[in-house]
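Peer 1: Sequence:
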Amino acid sequence: MNTVLPSKIGPSALGIAAISVYEPNRSLDNAWFAESLPRKFVKHTGTRSRRISDRSEVDLACGAVRNLQHEWGVDLRHCAAIVYVSPSHLPRAVARRWADPDRVRREDLFCSARRLARRLGIPACPVYGMNWFCSGYSKALEIVRRIVVPMLGLGREQFVLVAVASRISRITDYECASTGPLFGDLASATVIARYDSALFPVHFEIHDAFALRRPAPAAYFDFARKENVLSPDASAGRTRVGSRIVFQLDGMNIAELAPRAMASALQSCLRSRGLPATDVHFVVPHQAGSAIVRLAGMKFEQLGIQATVINDVTGQVGNVSSCSIPFALRHSWHALHGWIACPTAAVGAPGKAEISEGCILLRSTPLHQRAARAS
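Throughout the sequence shown, residue numbering follows this note's numbering, covering 263 to 637 in sequence.
Hints listed in this document are in silico derivations from the structure and should not be mistaken for laboratory results.
These figures come from a predicted structure and were not determined experimentally.
Honestly, I wouldn't trust all of these hints.
[Claimed, not checked] Heads up, simulated BS3-like pairs for lysine-lysine below, C-alpha to C-alpha not over 30 Å straight-line:
#, residue 1, residue 2
1, Lys488, Lys614
2, Lys302, Lys561
3, Lys561, Lys305
4, Lys488, Lys561
5, Lys302, Lys488
Build out the structure end to end from the sequences listed, making use of the hints.
Peer 2: What follows is the structure, given as structure tokens:
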């Protein structure tokens, strides 16, 4: 393990220094779904194709980290800890109920985080594994600020790696017209460093990050085992697999709750930081679909927020769950400046009447503003 400074720093002294993403090569376009695709699907979601992968989540995360090294010159010898996030790992209770013992072990998030560390050549690095579905990135940054950095300390020449890997295609019921076309596979890698870091200069200072669960009127999410399941084959054709554990989602009710949940999280975030709504320059919400983001934008306006709302970035990737916020931040990287709020909404634990909401509050640094002007 790398040597860390004995002194601990406050959570407000951290920021995002770099983000890279990895998109699998295979795509599944809307034509694949044929007549089962809802008539207004593109109007409501903006999605025309989605990435899918046969590789594991750890493989996808490695791809994102390799892009981080190539695009940003990140030296992994300075990695002080890894927070590994995956919304497509089966929750422990679900795996124990439906899967065989070998798969239960493979679904374990800590074990996957350890495999990722070994694959990256930093096996002695402390790791954390978590699944908060579409609010996973918000929760990961909360854990970095609240637990990881205060516990380890963080040197000026070190960083924390947040690796998010979503391979929801392996738990998708492609014969479900309301959920089969929604999600895509993707991975992201984020460098979290001290604000005063010389090796990893910060572009966006993190002023807040959280995710929490709230009660909902009913349980809108669960898992089940399905037999003879329609699936994409290696050439993006159609095949059948004998058995698959799939997620079940009440999309209509989630679509109604999500805009309110994102607005609630954003309002709580601004209040806790004492930041006026009019000071927010950009809102980068969870990209659950273009219509949901438009509805969320209307809720933001009711809060007095006059910011630019980032939307319509899901066209070629779909809803990429907890990769959504880092993907949208990377997509809009050079355009973002000032105060940036990133609200999220997600399902709660399987079978429970709850929904999660979260928010990340960022502020661009002078370095980022200079880099953006230069670009």
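Peer 1: With the threshold set at 30 Å, check whether the alpha-carbon distance from Lys488 to Lys614 stays at or below it.
Peer 2: holds, 21 Å
Peer 1: Quickly compare the C-alpha distance for Lys561 and Lys305 to 30 Å and report which way the hint goes.
Peer 2: holds, 20 Å
Peer 1: Run the distance test for Lys302 versus Lys488: straight-line Cα separation, threshold 30 Å.
Peer 2: holds, 27 Å
Peer 1: Tell me if the straight-line CA distance from Lys302 to Lys561 falls inside 30 Å.
Peer 2: Distance ~23 Å between Lys302 and Lys561 Cα, so the pair holds.
Peer 1: Quickly compare the C-alpha distance for Lys488 and Lys561 to 30 Å and report which way the hint goes.
Peer 2: Distance ~38 Å between Lys488 and Lys561 Cα, so the pair is violated.
Hint 4 alone, counting from the list given before, is not met by this structure.
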